[in-house]
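Heads up: the protein sequence lines correspond to chains A and B, in order. This note's numbering puts the first residue of the first sequence at 1, with every later residue one more than the last. This note's numbering puts the first residue of the second sequence at 1, with every later residue one more than the last.
Since the hints were made in silico from the structure, they are not lab data. Check the hints yourself; a few may be wrong.
Stated by the list, open to error - Below, computed lysine-lysine pairings styled on DSS-like, alpha-carbon distance capped at 25 Å:
#	chain 1	residue 1	chain 2	residue 2
1	B	Lys26	B	Lys250
2	A	Lys8	A	Lys73
3	B	Lys190	A	Lys73
4	B	Lys148	B	Lys111
5	A	Lys59	A	Lys136
6	B	Lys148	A	Lys8
Stated by the list, open to error - If you anchor each label on the Cβ, the simulated ranges turn out as follows:
#	chain 1	residue 1	chain 2	residue 2	range
7	B	Glu215	A	Ala87	30 to 36 Å
8	A	Ala37	B	Lys182	34 to 40 Å
9	A	Gln55	B	Glu254	57 to 63 Å
10	B	Ala31	A	Ala87	28 to 34 Å
11	A	Ala93	B	Thr18	42 to 48 Å
To be verified - Computed footprint of chain B on chain A, listed as stretches where at least three residues anywhere in the stretch have a Cβ under 8 Å from a Cβ of chain B:
#	region
12	13-23
13	27-36
14	122-129
Here a beta-carbon is modelled for each residue, glycine too, at the ideal position from N, C-alpha and C.
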Amino acid sequence: MATSYRLKVVTPERVMWDGDVAEIIVRTTEGEIGVLAHHMQIISPLVPHLMTVYQPNGKTQQMAVSGGFIEVKDDGVTILADSAETADMVDVARAQRARDRALENLNLPTSSVEVDIARAQRALARSENRLKLVGKDVQNLGR
Amino acid sequence: MAGGLQDLRRRIRSVQNTQQITRAMKLVAGAKLRRAEDRARASREYFNEIRAMTARAVFRGGNNHPLLETRSEDNLAVVVVTSDRGLAGPYNTNVLRRASLMMRDSEAKGKCVYAVGRKGRDYFRYRRVEIAQEFVGLGDDPTYRQGKAIADAIIAHYLARDVDAVYLAYTEYHNAMSQEPKTIRLLPVKTQPQGDRAGVELGYVFEPDPRDVFEDLLPRYVEMLIFGALLESKASEQGARMTAMDNASKNADELIRRMILLRNRLRQAAITREIAELVGGAEALK
Numbered sequence: 001m002a003t004s005y006r007l008k009v010v011t012p013e014r015v016m017w018d019g020d021v022a023e024i025i026v027r028t029t030e031g032e033i034g035v036l037a038h039h040m041q042i043i044s045p046l047v048p049h050l051m052t053v054y055q056p057n058g059k060t061q062q063m064a065v066s067g068g069f070i071e072v073k074d075d076g077v078t079i080l081a082d083s084a085e086t087a088d089m090v091d092v093a094r095a096q097r098a099r100d101r102a103l104e105n106l107n108l109p110t111s112s113v114e115v116d117i118a119r120a121q122r123a124l125a126r127s128e129n130r131l132k133l134v135g136k137d138v139q140n141l142g143r
Numbered sequence: 001m002a003g004g005l006q007d008l009r010r011r012i013r014s015v016q017n018t019q020q021i022t023r024a025m026k027l028v029a030g031a032k033l034r035r036a037e038d039r040a041r042a043s044r045e046y047f048n049e050i051r052a053m054t055a056r057a058v059f060r061g062g063n064n065h066p067l068l069e070t071r072s073e074d075n076l077a078v079v080v081v082t083s084d085r086g087l088a089g090p091y092n093t094n095v096l097r098r099a100s101l102m103m104r105d106s107e108a109k110g111k112c113v114y115a116v117g118r119k120g121r122d123y124f125r126y127r128r129v130e131i132a133q134e135f136v137g138l139g140d141d142p143t144y145r146q147g148k149a150i151a152d153a154i155i156a157h158y159l160a161r162d163v164d165a166v167y168l169a170y171t172e173y174h175n176a177m178s179q180e181p182k183t184i185r186l187l188p189v190k191t192q193p194q195g196d197r198a199g200v201e202l203g204y205v206f207e208p209d210p211r212d213v214f215e216d217l218l219p220r221y222v223e224m225l226i227f228g229a230l231l232e233s234k235a236s237e238q239g240a241r242m243t244a245m246d247n248a249s250k251n252a253d254e255l256i257r258r259m260i261l262l263r264n265r266l267r268q269a270a271i272t273r274e275i276a277e278l279v280g281g282a283e284a285l286k
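Excised from the complex, chain A in its bound form (with noise of 0.2 Å):
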């Protein structure tokens, strides 16, 4: 009775993650799952969020995740990722600029275009993420 599965991570650029697991929370459009051996099979859209991995040998791992799939399958499960990083792969100054640029797009005002603000509200998310990975406390870093 096997108690880990196998997972990969995949994005455009990289492989991030590719081997046996125990757990994996992820954050799908329709709220946060966890996944264990033997899940159903499923396929969800992602949305950006930290992800948490937990080794069969007691380790956890986090990951920030910027949208996607998964897809859990019989013989294990693959997260097609728009890009995933790792607490020590994420640039910090480049997602603070992110980050005040999209404060800045979201305070403009309210003749701007709709889908601009969509997108601003999207990079203050994938921003914000990173920033959390990092050990940032976003809440407390001011508008």
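Model the placement of chain B on the given structure of chain A, informed by the hints.
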């Protein structure tokens, strides 16, 4: 006769100069190739996974999405990926020929091209093929964002029914010596049929539902196909250029070798003649 020698010397110098350039280009292409090759290789996993995932999802989720429905191919579009610069051997010619053949053989009424890369744009502009949109100056390291921009434009045109079917012509990278021009279907999304019908009965849940999943998955599928094609083509371009420049340098070597032989022979002949004249003159003075 001395004039001939002078000309020859000039030609040798000219070929040597050209060879310096081809050698330098070969080295530069070689360095860029390594990078482009790594990136193409790293992206293949995602490329394969998203193809497989899309195939499974479409197989189980049905055809309930505008990007999936087939309509009569009245207006055909081909996305042609070429380089911005030449001197890459047969690289551009091959993929352009492939795209041209495909357009010639199609029975569509309207045909147009999305030109990625300056070479393709110039080629089709010269032949008066309609260019729906051009994407030039993508640089040596194509980004996902650039691929997405191309995909967005194409999907918008497709949904507006400006085009009914879109194909993608690019060059697949095998190694520095061999690249293969390819055409694949981009839109409507058509996946390889899956063999195991048994899988359908087993639970396979779309969350929230197939339409929402497709709404996210299919545009990404198109983006990735294009991004993958950009990376493959870039690696192919550098490989083709490196090989072409290597051949050019070798040809120059051979040319120089022969001309030097000829030059030495001419010089020897001139010296011999001068000695003969001297000896002849000395004899006459006796």
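Against the structure, test the hints numbered earlier, and report the numbers of the ones violated in rising order.
14
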